[in-house]
Structures are given as structure tokens and as C-alpha cells.
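Enquirer: These protein sequence lines are chains A, B, C, D and E, in that order. End of the first sequence = 188 in the numbering used here, gap-free, step of one. End of the second sequence = 288 in the numbering used here, gap-free, step of one. End of the third sequence = 663 in the numbering used here, gap-free, step of one. End of the fourth sequence = 266 in the numbering used here, gap-free, step of one. End of the fifth sequence = 145 in the numbering used here, gap-free, step of one.
Because the hints were derived from the structure by calculation, they are not lab data. Check the hints yourself; a few may be wrong.
Stated by the list, open to error - Straight-line C-alpha distance at most 30 Å; calculated DSS-like pairs for lysine-lysine:
1. C:Lys469 to C:Lys425
2. D:Lys261 to E:Lys90
3. C:Lys257 to A:Lys24
4. D:Lys131 to D:Lys257
5. D:Lys18 to D:Lys50
6. C:Lys379 to B:Lys214
7. C:Lys397 to D:Lys261
8. A:Lys93 to A:Lys24
9. B:Lys203 to C:Lys473
10. C:Lys373 to C:Lys257
11. C:Lys397 to B:Lys214
12. C:Lys397 to C:Lys256
13. B:Lys214 to C:Lys350
14. C:Lys379 to B:Lys210
15. D:Lys257 to E:Lys58
16. C:Lys350 to C:Lys425
17. A:Lys142 to B:Lys207
18. A:Lys93 to A:Lys104
19. C:Lys233 to C:Lys334
20. C:Lys373 to C:Lys350
21. B:Lys214 to A:Lys111
22. D:Lys257 to C:Lys526
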Amino acid sequence: MSSGSHHPNLETLAGRIEAGTGVKLAHCYQCGKCAAGCPVGDEMDLPPCQVFRLLQLGFPDLDEKVLRSEGIWLCLACETCSSRCPQEVEIPKVMDFIRGEALKRGIAHPKSKDILSFHRAFLDSIEYTGRLYEVGLVADYKLRSRHMLKDVMLAPKMYIKGKLGLFPHLIKNRSGMKTLFKRTMGKG
Amino acid sequence: MRIGYYPGCSLLGSSREFDESTRAVLTALGVELTEVSDWNCCGASSAHVLNHELSLALPARILALAEQAGITEILAPCAACSNRLLSAQQELAAHPEKIAEIEAAIGMPYKGTAKIVNILEVLGRLKDQIAAKTTKPFAKKVANYYGCLLVRPPRVVNFDRPEDPQSMDLMVKAVGATPVEWPFKTECCGAAFSVTRTDIVAKLSGKLVKDAVKRGADVIVVACPMCHSNLDLRRSEINEYLGEQHGIPAMFITQVIGLALGLDPVALGIQRHMVPVEFKETAAASAQ
Amino acid sequence: MSRIGVFTCHCGENIGATVDCAKVAEMCKHVPGVAHSVDYKYMCSDPGQRMMQEAIKEHNLDGVVVAACSPRMHEPTFRRAVSNAGVNPYMCEMANLREHCSWVHEKNDATTQKAADLIRVLVEKIKHNTPLYPIKVPVTKTAMVVGGGVAGIQVALDIANGGHKVILVEKSPSIGGHMSQLSETFPTLDCSQCILTPRMVEAAQHPNITLMTYSEVEKVDGFIGNFKVTVRKKARKLDEKLCTGCGLCIQKCPNKKISDEFNEGLGTRTAIYVPFPQAVPNRPVIDTLNCTFYKTGKCKVCEKVCPTNAIRFEQEDELVTIDIGAIVLATGFKLMKTEAFPEYGYGKHKDIIDGMQFERLASASGPTAGVMKRPSDGKEPETVVFIACSGSRDRSKGVPYCSKVCCMYTAKHAMLYKHKVHSGKAYVFYMDIRAAGKDYDEFVRRAIEEDDVKYIRGRVSKIYEEDGKLIVKGADTLMGGEPVEIKADMVVLATAVQSNDRSEELAQTLHVSYDTYGFFAEAHPKLRPVETNTGGIFLAGACQAPRDIPESVAQASAAASKVLGLFSQDQLTREPIVAVVNRQAGPTYSYCVGCFLCQTACPYQAIEQEQILARNGEVIKTIARINPGLCQGCGTCVATCRTKAIDLQGFSNEQLYAEIMTL
Amino acid sequence: MEALKQKAKELLQKGDVKAVLGYAVGTGNVRRPHFARTPEQVDRLVLDEKCTQNLATYLTKHEVKHLGKVAVVALPATQRALLQLVAERQLRDDAICLLAMDGTEVKVLPSGAAVEQHLALKTDAMPTADKAMIEKLMAMTREQRWAYWQQELSRCVKCYACRNSCPMCYCEHCTMDCNRPQWVPVASHALGNLEYHMVRAMHLAGRCVECGECGRACPVGIPVHLLTFFAEESTAKQFGQRAGHSTKLDYALSTFKPDDKETFIR
Amino acid sequence: MTESFEPKITAFVCNWCTYAGADLTGTSRINYQSNVRVLRVPCTGRIDFMLLMKAFQKGSDGVIVSGCHPNDCHYTSGNYHARRRWMVYKDLMDFMGVDTNRVTFSWVSAAEGARWAQLVNEVTDNIRNLGPYAEYKALAVAGIE
């Protein structure tokens with residue numbers, strides 16, 4: 001008679017987070033241990049516990065405050081928080097999810113641009129070659145981020161140390177890689 | 001011992017010496033490495049940020065290739081790679097309903113049977129042999145730096161203990177080094193912000209370098225290419241941030257063992273570091 | 001041929017308005033075996049009962065069906081009435097015409113027919129009823145209390161003062177438990193030993209109390225009123241009767257560097273020792289794991305110096321079996337150790353201690369004589385951080401529950417520290433302050449307002465050592481998760497209260513149920529809080545869940561009152577609704593084939609083995625026997641038995657079969 | 001075969017056992033049980049694919065118990081039966097001595113523990129034909145199944161051959177013999193037959209060692225073993241406990257887990 | 001037959017939960033159909049599967065078996081044993097072609113008066129739709145004659 005099964009409400013962000021990551025926001029009881037141990041906690045405008053608090057209430061304006069924050073882009077996924085969380089909440093999974101949500105809504109924090117450029121350049125690199133081509137990645141990142149001068153001093157040194165290949169490593173089955181990206185990212 | 005080998009992208013480029021020293025040491029110990037053919041990038045540090053499906057499919061392709069080659073155990077020296085492979089494998093084991101979609105994406109069957117091991121696990125099995133073959137004891141004071149991805153999240157990696165891990169400490173002891181007691185073995189170095197937020201990397205890695213020196217370490221030993229990049233490639237930024245000049249080298253555990261086994265430093269890629277591997281005469285060293 | 005009387009009750013309008021009671025009575029007259037059938041306005045009234053009793057005599061009835069309300073309501077009433085008229089009470093059954101018929105159905109013929117059906121079924125049942133007699137079980141009026149902490153002492157004293165014998169069993173060498181280790185107690189800050197030791201002495205000297213210290217319960221047989229408990233008296237290695245407790249052996253023992261359990265490892269003791277100066281009984285024990293003689297075969301200094309020659313190196317454990325009527329479990333708790341905290345250094349930092357260690361540091365009788373000195377270097381700590389909820393409310397540490405006492409004792413600790421080190425700084429990291437209790441919240445406020453203890457709402461993520469200080473990395477969630485870093489000299493973890501070691505083993509020995517965390521389970525969380533599901537076994541104190549002293553003592557007195565209630569009768573009277581195993585003449589002896597598949601089906605471990613012996617003592621057959629003292633009459637074994645060798649009195653196979661065959 | 005005889009003789013000669021129970025050739029070239037009490041009688045033993053009977057059935061009989069310790073030529077199902085009989089305290093562990101074939105080798109299994117170990121290496125799959133038949137029945141509509149069993153059971157004459165051949169039907173006083181109350185009608189009519197076989201299957205759920213002896217024993221060819229097989233499989237599937245795997249009693253229907261999963265209780 | 005068919009329903013209920021729950025139905029004056037006849041036993045653990053067979057033999061068109069919810073058994077575990085027995089028995093009945101739609105197992109607590117009424121009504125309606133249990137009745141008649 002009684003049904004114990006629980007279905008997340010997909011109308012709410014909290015519900016979509018639960019459906020997408022398996023993390024139930026209500027498990028967070030605001031002890032702050034995540035914020036206390038976070039290596040970038042003092043850099044964040046919203047530390048992880050605040051992110052959870054704002055999302056827990058389910059008010060759209062508070063959700064948006066989170067999605068617009070810079071802090072969510074600073075999460076390094078170092079898993080310090082989740083491995084110490086007394087409630088075993090997988091916080092980095094939620095961070096991944098809400099970054100995606102912020103992008104989808106087009107309200108990601110302006111400072112996320114650099115970080116995003118890097119990740120996009122990274123994935124573009126492997127989409128075409130199968131493996132990460134570091135020189136290409138950095139060049140591409142510079143174009144995207146317009147930080148043209150960054151690290152110009154480092155490259156020659158690395159080249160001397162034999163750490164920079166001039167040509168990308170291509171895998172054989174590059175069409176397979178294309179398919180893989182197409183089926184997961186939905187782009188071709 | 002025969003074992004599958006997934007070097008990952010960093011080991012082809014910025015961390016070549018990790019690849020070189022891993023191959024050199026394992027060959028010297030009689031381990032035969034079978035490289036996964038036509039492997040791709042695992043997507044580490046970027047795929048999971050942008051697309052969850054992709055962060056499953058990239059590692060799944062590697063694991064499927066390994067299965068096809070009959071590999072039952074894969075060594076992924078890069079901590080980020082081994083972490084991503086394990087995460088994907090466990091998620092697919094917990095959600096078998098996702099496998100069909102992943103198989104379609106990678107265009108081959110996926111079973112998820114190969115066991116993924118990190119470099120410390122493999123070296124740990126060979127510890128007695130390493131101790132026995134040590135000809136040039138590495139008589140240094142060592143700050144063992146494990147970083148995040150080797151031990152966290154504990155539910156995924158299930159390796160060593162999540163705080164104050166011991167495996168690398170035991171390993172360096174086996175080759176004559178003295179591990180220093182320090183609290184930052186698993187603090188984050190800034191990882192993927194190496195390129196984008198060098199300021200954060202300088203701050204986080206700076207804390208590590210400073211404390212290691214303070215506690216009397218001669219060298220910081222790592223088992224992760226990302227950690228190494230931040231502690232080595234980014235040293236000038238670190239020193240600039242700290243306003244102090246720290247020349248303490250950062251070495252891969254495989255290099256340390258290689259030196260102890262008496263292998264050629266060049267074959268171990270020692271010369272590739274930005275911070276030169278040079279030691280002051282220390283008490284520990286002169287005692288030898 | 002049975003002579004059964006049927007008495008149909010109108011229950012005023014309650015039945016009468018819906019069911020045609022007169023018609024029912026008339027219909028029942030024609031049921032075979034019914035000798036008398038009438039209807040009446042109120043059967044349960046005095047005239048109603050009298051009428052029934054007269055009818056029994058007049059018509060010489062041997063069974064009665066009262067068709068009225070629910071048997072759960074008036075079965076005892078009518079069975080008593082029938083009994084007073086000289087018919088066995090179990091020859092009376094009730095048909096539920098009210099709750100199951102008139103109140104729930106329309107007024108029509110079908111409802112009246114149903115009423116008659118319900119009666120007919122029971123008439124057939126009664127034809128197969130047999131007179132049953134209440135089971136009388138003698139009661140041994142001696143109680144055993146397991147655990148000699150404050151709860152156990154209170155139970156023992158209350159029962160003893162009620163005039164009954166008590167055996168108080170304690171596993172350690174002295175009674176007193178955790179309370180004897182405490183410095184002061186909240187919320188009054190009175191000295192723990194000052195209030196406890198008089199009770200300990202009172203228990204030791206009470207003529208009705210026998211102390212069995214350094215002893216453990218090994219085995220329990222029997223049932224309520226009739227337990228047989230085997231206690232292992234561990235060898236103290238001395239003759240307690242000869243020993244005067246002079247302490248010379250302790251002074252002279254050369255082995256002085258053993259970590260002291262009573263001082264939570266913060267002090268040392270000798271190999272022959274009493275746990276603490278006020279120990280009751282004041283008799284030492286030899287710790288054979290650490291004693292030089294047991295390790296090397298040489299020493300025996302204690303034997304040489306003992307003025308009464310009381311040392312007995314060859315003494316062995318002794319097993320004693322005692323008849324007991326009731327058992328009270330008061331085995332207490334343990335605290336989670338600092339080793340359980342990876343993020344706080346796995347217990348490797350000496351200056352990170354648990355709450356009980358702090359009690360010893362603060363205690364005037366402790367290793368520092370109550371002077372605040374941190375364990376690592378004996379310096380006075382200038383900054384102390386207290387962390388509440390250490391391991392409690394922490395599912396990653398396997399303890400999702402609240403340990404209940406930490407909020408209060410952490411406030412007390414901070415206060416005690418501030419009273420001893422006036423210039424010191426005390427910080428408390430907490431999640432919620434749970435100070436529900438008389439004068440409790442006022443106490444916490446006092447710590448904050450008068451003793452200037454800084455409360456920070458947040459958990460601590462990591463503690464590490466740097467330059468002789470402990471760096472405590474926390475966050476203040478009231479400031480939006482702002483990281484807070486405190487350089488402390490000592491950190492006190494209010495670690496989780498857990499069930500005692502081996503509590504599950506003890507529960508299994510006693511057939512008492514326990515929860516996921518090893519705490520003993522009460523029979524009902526609200527209405528039977530000190531009883532267990534096993535008759536005659538009761539609970540007191542923190543062995544059931546985390547409890548503070550006032551609660552433990554209250555629960556102890558409650559458990560004692562239950563025991564005294566049980567002991568107020570010479571015999572227990574139990575309903576004869578129990579299972580029985582069929583017996584026959586030889587060569588069959590019983591339908592039971594002795595497969596004992598029923599044994600695990602019984603929730604009460606009431607199924608025993610019985611050997612049928614030949615004259616020469618040879619075992620002919622082993623069959624099941626139901627212990628009527630333990631059986632509660634559920635009948636699960638009956639439905640499990642293939643040979644129908646077990647039957648349930650009052651709900652027998654024949655009775656139920658007859659009922660169905662009447663449908 | 002010679003190895004078996006050799007072992008049997010050894011056991012008898014050493015006085016370890018009083019008799020060896022095995023198979024011999026009976027009239028019409030059938031295999032019948034054979035008690036060999038002397039080395040000479042051992043020579044009549046045979047063991048081939050025609051030997052199917054579960055000999056465990058005999059060991060609980062008074063007459064056999066009086067013989068003293070008996071070694072049994074034990075097929076896998078016989079081994080399971082013996083373990084279950086020990087678990088149900090009908091045989092003493094030290095009264096067991098089995099002669100089991102392990103490939104071509106003869107093994108003496110002198111205790112329950114040895115049998116457990118021996119059996120642990122084997123997988124006991126239900127005969128394919130029986131499995132197929134159960135599947136076929138389950139694919140039918142309920143009405144078809146009812147009709148099938150009514151048809152089959154209509155031939156039952158209540159001779160109790162199934163019960164008597166079953167190693168687990170050792171009860172001296174069977175439910176069928178109950179007359180107060182008379183749970184199951186004695187006569188072999190549709191109701192009595194259905195009830196008899198239902199009761200037997202329920203009583204073997206969690207206890208059936210799946211030898212199929214009852215089915216082979218039926219003189220009118222009713223596949224009654226499918227009922228007990230089904231009950232045993234249903235039990236094993238739902239609770240993970242199986243009969244005849246251990247000398248420790250682990251009877252699914254007198255144990256439970258608080259989270260046993262079913263779908264039909266409202 | 002179909003129009004005037006009133007099913008005969010037998011309920012085996014435990015004393016502590018469902019019987020008490022049915023008492024509460026009465027106390028709460030919740031009306032339900034009168035086809036059911038309740039047999040009281042101490043615990044669902046007491047309910048021998050043969051009682052169900054006997055109920056069908058005596059012409060029941062439907063049977064209800066009900067007791068305490070898991071974890072609420074007055075005898076702590078009788079209902080758990082009962083549940084296992086039913087899990088196997090239901091399978092077996094189905095295998096032998098007995099109509100398991102006519103047997104309803106349920107948990108009704110002492111507090112669920114309304115639920116008892118609802119259960120009885122639902123079962124009664126359901127059995128009324130299914131019609132008389134002719135198959136078994138034919139069997140029983142053959143048996144008795």
C-alpha cells in the first residue's frame with residue numbers, strides 16, 4: 001500500500017540535480033565541513049555549503065544566484081569535501097551539474113570564460129586527434145581566451161626539455177572518435 | 001609479471017619523464033608492459049565539467065580496447081587517468097542500463113572487467129624486490145605528495161587511506177629515504193588550473209612547497225603528472241607568489257626508485273625538470 | 001453431545017438496531033448442540049451476566065457463545081462470569097456482532113444472517129474446546145543486574161530496598177562505571193565521585209546485594225521468573241577474603257608503566273592494581289597480560305610483601321550458576337576513539353583527546369590532579385578547541401544518530417577549562433545545541449555569556465600540527481561558510497557514544513533484540529521503554545541508547561519497579577494459550593519426528609529438546625518440547641509442523657478446522 | 001566398478017561398516033537396491049546409468065538403522081539427501097559413510113563435512129526435460145495448467161508410492177494419516193488428490209533434494225516430482241537457501257529476513 | 001446466476017493487528033459489504049496453508065489473509081515466517097492452476113480501520129466480477145459425494 005519510492009520533481013533545479021547526479025540536496029545539513037576544507041574556499045564568492053543552502057530552498061531567484069556565481073567555476077573537483085562530508089554528499093558531482101545548467105541558461109559568470117575556453121579547447125583537441133595535443137591546446141586556449149602573452153616564456157624552455165611535441169599524436173580510429181563525440185555531445 | 005599499460009596524454013608530452021622512468025623501472029624489475037593499442041585521451045579534468053556522457057564514453061573506449069586485447073589489469077600511471085577510468089567503470093557497473101548507449105558511442109562491446117591499478121599499487125607489489133635491488137640508496141629526506149586523485153574519492157579509488165596515506169612513504173623507505181611527517185600529503189595543488197588560473201596554482205602549490213621545505217625535506221616526490229607540472233613547471237610563479245626562492249626539486253616516485261636501482265638518470269628523464277634535481281649535502285645523505 | 005448456550009446481546013441499539021437479535025436467537029436454537037439461546041438488551045450488565053449464570057445452571061450448559069461486542073473488549077468479562085458459574089472460562093467464546101457486523105453493515109437480512117453465521121462458527125469451535133487452566137510459573141525472587149555503573153547501582157539499590165536479593169555483576173574490577181571517571185556533572189557542576197561513591201558503598205554494604213565484580217555473564221537458560229544464569233568470575237589472582245586492601249602489593253609492584261584504563265591512557269598503573277582509590281570493592285587484581293611473573297616466571301614481589309598471604313598466582317576463572325527471577329541489563333556504552341578520525345590525524349596527535357580523557361584531565365583525582373596540562377608536553381593549554389558531534393550525526397562514520405550528551409558535556413568542558421585557566425581561550429565548534437532538559441539550556445548560555453566560550457557553528461574539516469600548535473581548520477556557517485582557522489594547544493573531540501563492546505554477543509546470549517548499532521531494543525519505544533521483548537529481562541541506562549545521568553537513573557528506577565512488580569507475586573499466572581507437542585503411548589511416543597524445523601520459527605526460543613528414555617536410560621527418541629514459560633502462543637511452529645505434532649491450545653487444528661467446516 | 005567393489009570390501013573387512021547399500025541387477029535387468037553384508041555379496045554390486053534410485057530413503061528405516069553403520073553408494077542426489085537428513089537430525093553425522101564416484105575414481109566420504117566438500121565442486125542442475133516441462137507449464141494459461149494437473153492427478157490412486165520412495169518423507173506420522181481433524185480426505189478423488197499433492201509439495205519446499213524418485217516411483221506415470229521441484233526452486237530463487245547443501249539446518253520456511261521481497265501482499 | 005451471485009469470502013486475520021483494525025472499522029462506523037466471514041487466529045504465523053484449501057473446499061469464492069505489517073508483529077516475527085510461507089504457497093498454487101486472484105494477502109494494522117473496509121470492499125467486488133469459483137466447487141462436490 002505504502003510506496004517508499006521517491007521520484008525527484010523535474011520541475012525544480014533540485015529535482016533535476018537529484019535525477020542527474022543521484023545527490024539529494026536535502027542530505028546536506030549545513031555543517032560547513034566542505035567550506036572548511038575546500039582549498040579554494042576563501043576564493044569562492046559562494047562556498048560549497050552556501051551553494052547547497054541556496055539550492056535547498058528551491059526559490060528560482062536563489063537558484064539563479066548560484067548559477068551566476070563565480071565560485072562554482074573554481075571547484076577543482078579535488079574531492080576533499082566529499083571524502084570528509086559526514087552525510088556522504090558528492091558535492092563535485094553537483095558542481096559539474098550546475099555548471100552545465102549555468103551554461104545552458106547562458107548565465108555563467110563572465111570569469112568562467114577562461115576556464116571554459118580551456119575545457120573546450122581540451123575537448124576539441126581530443127575530438128580531432130584522439131589524444132590531447134598540449135601545444136595545440138595552449139595555442140587554441142590562447143586564441144579563445146585572448147591571453148596571447150600568457151606562458152610565452154615557458155614554451156621554449158619546455159621545448160628544450162623535450163616536453164613539447166611539435167606535432168599532435170593522432171590515433172588511427174579518428175572517425176570512431178568523431179562518432180563518440182557525436183553520440184555523447186550531440187555535435188559532429 | 002605482465003600488465004596492460006595506459007600512459008595517457010601527459011606522459012607523451014609535458015610529463016615524458018614519468019613515462020620514461022615508469023618503463024625503465026618496470027623493465028628493470030621484469031615487468032612486461034602491453035600498451036593499449038590506439039588508446040585515446042581519458043578526458044580527464046575537462047570532459048566531466050562539460051558533458052557527463054562524454055566523461056563515461058572516453059574511458060569506456062580505453063577499457064573496451066584493453067578488453068579486446070585480452071588485458072585483465074591496466075596500469076595507468078597518471079593519477080587523473082586512473083581516477084577517471086575507475087569512476088567510469090564504477091558508474092557503468094552501478095548503472096548497467098547506461099552500457100548500451102556507451103557501446104553505441106564507442107562502437108565496440110564494453111564489459112568493464114579489466115582491473116585498473118595505479119603506479120603505487122604496482123610498485124607496492126614489487127617492494128621487496130626493489131629493496132633487494134637497491135644499489136644506490138636514495139638517502140634523502142622526502143616529502144611524499146600524493147595529491148587528490150590517488151586517494152579520493154575513497155569510495156571510488158579505494159586505495160590506501162584517504163588522509164595521511166602511507167604507501168609512498170613505505171616505498172621510499174624501502175630505497176633508503178626518510179619520509180618527513182607533514183600534513184599536506186593530500187592537499188590540492190591546483191590541478192587543472194595550471195593554465196587558466198595560475199594564480200590559484202601558485203597559492204596552493206606554494207603552500208605545499210613552503211611547508212615541505214620548512215619540515216626539512218630535500219625533495220618532493222609525486223605520483224601524478226598534474227601535481228608534478230604544478231610543482232615543477234610552475235615553480236617560477238610559485239616563487240614569485242611566495243616572494244622566496246625555493247629550489248627543492250619535485251620528482252616522480254619512479255625516478256626516485258630508478259636512481260636507487262642504479263639506472264641511468266638520463267633514461268629516467270631527470271634532465272627534463274625545470275627545477276634541476278640537485279641536492280645539498282644533507283645530514284641524511286652524508287650518513288650514507 | 002454438547003450443551004451450548006447462545007446469548008445474543010442487543011448492546012442497546014448498537015446491535016439491535018441493525019441485526020434482528022430475536023431472530024438470531026431463534027435461528028441459533030436449531031443449531032445442533034445448542035441447548036439454550038436467548039437475546040437480551042445488555043449482556044455485559046450485571047443482570048445480563050446474572051441471567052447467563054442462571055441459565056448455565058438451569059440448562060446444565062457446558063459451553064457458552066456470547067454474541068455481543070469484540071472479544072478484545074469483553075472476553076475477560078464473560079469468561080470470568082462463566083467461570084463463576086462453574087464452567088471453565090475457556091469454554092466461552094465471543095461472536096463479534098457489533099464491530100464486525102452491526103456497526104459496519106446495512107440493516108437487512110444478509111446482516112442478520114451474517115450474525116447467525118458468526119455464532120454458528122463459534123458453536124462448532126466450542127464443541128472442540130477443552131477446558132484450559134492458567135499456567136502457574138514459580139518466581140525466583142532474586143534479580144541479577146548486569147553492569148555496575150550508575151544505572152546498575154540504582155537498579156540494584158531500588159530492588160534491594162524493596163526487600164529482594166540482587167546480584168550485581170560488573171565486568172571490571174570495581175563498580176562505578178563511566179560516572180566514576182567524570183570530574184564534575186552538568187548542569188550543577190557537582191563533583192561526580194562525591195555523589196556516586198556513597199552509592200557505591202551503599203550497594204556494597206546492602207544486606208540484599210551481592211557484588212560480583214570482575215565477572216561476566218556467560219550463559220542464560222530458562223525464562224521469566226526462572227532463569228539460570230552462569231557467571232564467569234574472572235580470576236583476580238588473590239583470595240578476596242584474606243585481602244584487606246592495604247595496598248602494599250601495589251606500592252611494591254615493580255611494573256609501574258602500564259597504561260591506565262581508568263585514566264583513559266593519560267596515566268600509568270601497576271600490574272597488580274585497583275582501578276582507582278575509591279574502588280568498590282577495594283581489592284586489587286593482577287593484570288596477567290602485563291605482570292612480570294606471568295611473562296617471565298619470575299618476580300612474585302606482591303606475594304612476598306602481602307601481610308595476609310592473599311596472592312594466588314594459580315587461581316583460575318570460576319563458573320557459577322545462579323537461579324534468577326529477573327535480569328536488568330545496564331551495560332552502558334563506549335566512546336568512539338580518536339583513532340576513528342582520519343581528518344584529525346587518526347589519533348596520532350597526543351593533544352587531540354576525547355571527552356572522557358578531558359574528564360580525567362579536569363578531575364581532581366586524575367593524572368594531573370585537576371590541573372590543566374596538555375598530554376604531549378604538560379604545558380598549560382592557552383587555546384582549546386572543543387568539537388561537538390565528533391563522529392555523531394555522521395553517517396560516513398557509521399553513526400547517523402545524535403549522541404545526546406555531548407552538547408551538554410562540551411559546554412561543561414569549556415566551562416571547566418575556563419574556570420581553571422582564566423586567561424585561556426575556549427572555542428566550541430558545534431552544529432546544533434541540543435540542551436533540552438531541566439536547567440540545561442541555561443547552563444549552555446552561562447558558558448557562552450559568563451565564561452566567554454566562543455561558539456562557532458560549523459564542523460572542522462582538518463587538524464594538523466605546525467610549530468607545536470594544532471591548526472584547526474573549520475568554517476563558520478553563520479558567516480556564510482567563512483573559513484576559520486584556529487591555532488590551538490589542545491583539541492577535545494566530543495566523540496560519539498556507541499554501544500559497548502560485545503553488546504551484540506550479550507544480546508544473543510540473552511535472546512534480547514538489538515538495533516543496527518548494537519543498542520538493546522526496548523519492547524515498545526513509547527509504552528514499554530524499559531522492557532525487552534523477552535519476558536523478565538529489562539533495560540536501564542545507555543545500553544539502550546545514549547543517555548545522560550538523570551535519564552539513566554530514572555530509567556533504572558523504572559526497571560527496578562518492573563522487577564519489584566514481578567516479584568510481588570509468588571507465582572506468575574499466564575494464559576494457557578500456548579503450543580504443546582503431542583504425546584502418545586509407545587512405540588510412537590509422539591507424532592513429532594524430531595526434525596526441529598520448528599525451532600528457528602519460534603520467536604521466543606521456546607522449543608527445547610526432550611529425550612524419551614527407555615527404562616535402562618537409553619534414548620529412544622528425541623522430540624520437541626514447548627517451554628510453556630517462554631511460549632507466547634503465536635502458533636508459528638504449529639503451521640510449520642508437517643506431522644501436526646504441535647498444536648496451539650485455544651486455537652487448535654480441530655477448532656479451526658471445525659470453524660471452517662461450518663462456513 | 002572394480003574400484004568400487006574393492007573399497008566396499010575394504011570397508012566391510014575392516015569392520016568400518018556393517019553393510020554396503022548399493023545396486024544389483026534384479027529381474028528383467030532392472031537395478032534394485034542391494035545390501036551387501038559380506039565381501040561375497042559385494043560382488044553382486046553394479047553401478048551404471050540404469051542406477052537411479054535414491055538409496056538415502058532406506059537409511060531412515062528402523063530395520064536399516066538396526067543393522068549398524070551402512071555405507072551407501074551415493075549418487076549426487078543421494079548425497080544431498082544424506083546432508084539434509086543429517087541437518088534434520090534423522091541421521092547422525094558419524095553414521096554416514098558414502099561411496100561416491102568422482103569421475104572414474106571412487107571416493108569414501110566418511111562425514112557430512114566430506115560430503116559438503118565433495119558436493120561443493122558439483123553443480124546440480126535439474127534434468128533438462130523436467131526444466132523444460134516446468135517452463136512449458138508456466139507458459140500456459142492458468143486454466144490450462146489447472147486442466148493439465150486435473151488430468152494428470154485424476155489417475156492418482158493414492159498408493160503413496162511417491163511418499164514412500166522419497167528420502168525426505170520419513171515422517172512416521174504423515175499429515176495424510178491425520179484424522180483429528182481429517183485434513184485431507186482419504187479417498188482418491190479429485191479434491192483429495194489435489195490436496196495430497198499440494199501438501200506434499202509444500203512440505204518439500206526448501207527440503208526437496210531433487211532426485212525425482214517420486215516421479216519414477218509413480219505407477220501411473222504422474223510427473224509428481226515436478227511439483228516438489230517447482231516448490232524447491234521457488235524457495236531457492238526467493239530466499240537463496242537450498243536443501244541438501246549442508247549438515248547445518250538452514251530451512252527457508254522457518255527462517256526469514258526482514259526485507260524478504262515479494263510483490264503481492266497489499 | 002451472475003446477477004444474483006453474492007460471493008462467499010473467508011478472512012483469516014491475526015488478533016493483534018487486522019482483527020483490531022476491523023474492530024476500529026466498526027468503532028468508526030465505516031460501512032462495508034457483509035460477504036466476509038472473519039476467522040480470528042493469534043498471528044499470521046499460525047495460518048497453516050491448509051486452512052486456505054479448506055476454505056475453498058467449503059465453497060469460499062475468495063480468501064483474505066491479513067496480519068500485522070512487517071516489523072509490527074505482536075510476536076516480533078510471526079508475520080515474517082508467514083510471508084515466506086505465502087511467497088512459496090502462492091507460487092505453488094499458481095503452478096497447479098489454482099486461481100490466485102482469489103487469494104488476497106495484505107497487511108492491515110490496528111490503526112487502519114478504513115483500510116480494512118476498503119480491502120473487504122475491493123476483494124468483494126473483485127470476486128463478484130470473477131464469479132463463483134466453479135472449478136474448485138466442482139472438485140469439492142466430486143470429493144464429498
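Enquirer: Please go over all the hints and tell whether each is borne out by the structure.
Expert: Now for the hints, and whether the structure bears them out:
| no. | hint | verdict |
| --- | --- | --- |
| 1 | C:Lys469 to C:Lys425 | 14 Å, holds |
| 2 | D:Lys261 to E:Lys90 | 14 Å, holds |
| 3 | C:Lys257 to A:Lys24 | 52 Å, violated |
| 4 | D:Lys131 to D:Lys257 | 28 Å, holds |
| 5 | D:Lys18 to D:Lys50 | 26 Å, holds |
| 6 | C:Lys379 to B:Lys214 | 24 Å, holds |
| 7 | C:Lys397 to D:Lys261 | 29 Å, holds |
| 8 | A:Lys93 to A:Lys24 | 11 Å, holds |
| 9 | B:Lys203 to C:Lys473 | 17 Å, holds |
| 10 | C:Lys373 to C:Lys257 | 20 Å, holds |
| 11 | C:Lys397 to B:Lys214 | 33 Å, violated |
| 12 | C:Lys397 to C:Lys256 | 36 Å, violated |
| 13 | B:Lys214 to C:Lys350 | 22 Å, holds |
| 14 | C:Lys379 to B:Lys210 | 28 Å, holds |
| 15 | D:Lys257 to E:Lys58 | 34 Å, violated |
| 16 | C:Lys350 to C:Lys425 | 20 Å, holds |
| 17 | A:Lys142 to B:Lys207 | 28 Å, holds |
| 18 | A:Lys93 to A:Lys104 | 17 Å, holds |
| 19 | C:Lys233 to C:Lys334 | 22 Å, holds |
| 20 | C:Lys373 to C:Lys350 | 12 Å, holds |
| 21 | B:Lys214 to A:Lys111 | 35 Å, violated |
| 22 | D:Lys257 to C:Lys526 | 25 Å, holds |
Violated hints for the displayed structure, listed by number in ascending order: 3, 11, 12, 15, 21.
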